[in-house]
Amino acid sequence: MSEHIMSSKLYYGIWIALMCLTVITAAVSFVDLGPFNTIVALVIATFKALLVVLFFMHVKYTSEKLTKAVIISSIFWLFILLALSLADYSTRLFS
Amino acid sequence: MSDSPIAMETHGPELRHHFSSVEQQRDAASLGMWVFLATEIMFFGGMFCAYLIYRYWYYNEFAAGSRSIDIYLGTINTAVLICSSLTVALGVRAAQMGKRKLLVFLLLVTIVFGLAFLGIKGVEWYQKYEEHHVPGNSFNVDDIIHDYPQIHIDPRHEQIFFSLYFAMTGLHALHMIIGVGIFAFLAYKAWRSAYSPKYYTPVEIGGLYWHFVDIVWIYLFPLLYLIDRKPLR
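So the protein sequences, as listed, match chains A and U.
Those letters in the first sequence? Residues 1 to 95, per the working numbering, in order.
Those letters in the second sequence? Residues 96 to 328, per the working numbering, in order.
For the record, the hints were derived by calculation from the structure and aren't laboratory data.
Everything numeric in this text was worked out from a predicted model, so none of it was measured.
Incorrect hints may have been included.
To be verified - Under the rule of at most 25 Å between Cα atoms (straight-line distance), these lysine-lysine pairs were calculated in the PhoX-like manner:
| hint | chain 1 | residue 1 | chain 2 | residue 2 |
| --- | --- | --- | --- | --- |
| 1 | A | Lys60 | U | Lys194 |
| 2 | U | Lys293 | A | Lys60 |
| 3 | U | Lys293 | A | Lys9 |
| 4 | U | Lys293 | A | Lys68 |
| 5 | U | Lys223 | A | Lys9 |
| 6 | U | Lys194 | U | Lys325 |
| 7 | A | Lys9 | U | Lys216 |
Construct the complete structure from the given sequences, taking the supplied hints into account.
As structure tokens, then:
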């Protein structure tokens with residue numbers, strides 16, 4: 001999967017980006033953005049996860065389409081679990 | 096690749112007979128690991144789903160509970176895990192390039208980071224234990240209720256937050272302990288020269304596992320520590 005050897009500079013760059021995003025997400029949580037606090041935190045977390053998956057886990061450089069299909073479908077299945085569960089619980093009318 | 100039996104005899108010991116090439120063998124191992132990680136996503140997904148529903152129902156208790164967790168230790172632990180992911184990525188690179196000593200060193204550094212994470216996690220849990228925030232008979236959140244008089248807090252709902260906190264961080268810590276064990280095994284095998292640029296699959300898929308556990312923490316950190324840190328009005 002990863003015959004492609006990435007330069008260590010790129011790894012250090014990803015590491016610096018992840019560290020900066022960690023500090024940013026912790027700092028931003030102290031700022032009152034209303035409902036956007038959660039959204040910003042989750043967007044930053046997703047961006048960090050994407051960096052790890054694409055570069056540290058070499059998915060960006062894999063030629064194996066099956067691997068990508070497994071990743072995308074597992075995330076989609078998780079989305080089904082969360083979205084349909086919430087669609088149920090958030091529309092119940094009991095107090 | 097030729098199908099003749101003579102050609103099959105000429106491949107190196109790293110290639111199993113049922114694969115036609117080293118690349119195919121590596122892709123198959125990697126795909127298998129990703130399928131396992133897909134089951135792990137659903138495994139953690141159940142907990143994230145429970146978290147989502149209870150947070151939706153008992154937002155006040157979740158926000159107050161989140162404030163009572165040590166954000167500084169949580170941020171340091173996130174940084175520790177990111178550093179460990181870097182050493183894993185560099186370790187896989189060292190294996191690809193056949194640098195045995197560097198690989199062993201990076202695997203050992205990863206173990207140190209993993210143990211540091213678990214140590215800091217233990218300190219956090221001990222703080223919660225001393226504050227009687229561990230769900231059970233001695234569970235008591237009068238201090239949290241006292242700290243936030245402007246918010247209505249039901250202790251039973253607060254207990255659900257802490258149950259999820261301990262279940263999710265506990266399950267994550269269990270994965271970390273298993274990861275440290277895997278990496279100790281990899282370091283031992285790497286030291287015994289088991290891996291080469293032609294065959295480093297265990298390092299690669301062990302690395303995939305470690306990065307996955309890191310990603311779980313990347314989501315646990317904002318969901319547990321950063322629910323509501325903004326100044327109270």
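Hint check:
Between Lys60/A and Lys194/U the CA atoms are separated by roughly 24 Å; this keeps the pair inside 25 Å, and the hint holds. Proposed proximity of Lys293/U and Lys60/A is supported: the alpha carbons are some 21 Å apart, at most 25 Å. With a CA separation close to 23 Å, the supplied pair Lys293/U and Lys9/A stays within the 25 Å bound. With a C-alpha separation of about 24 Å, the suggested pairing of Lys293/U with Lys68/A holds against the 25 Å cut-off.
Distance check on the hinted pair: Lys223/U and Lys9/A sit about 40 Å apart at the alpha-carbon level, beyond 25 Å; violated. Between Lys194/U and Lys325/U, the direct Cα distance comes to roughly 48 Å. Violation of the 25 Å bound is thereby established for this hinted pair. For the hint pairing Lys9/A with Lys216/U, the CA-to-CA distance comes to about 31 Å; that exceeds 25 Å, so the pair is violated.
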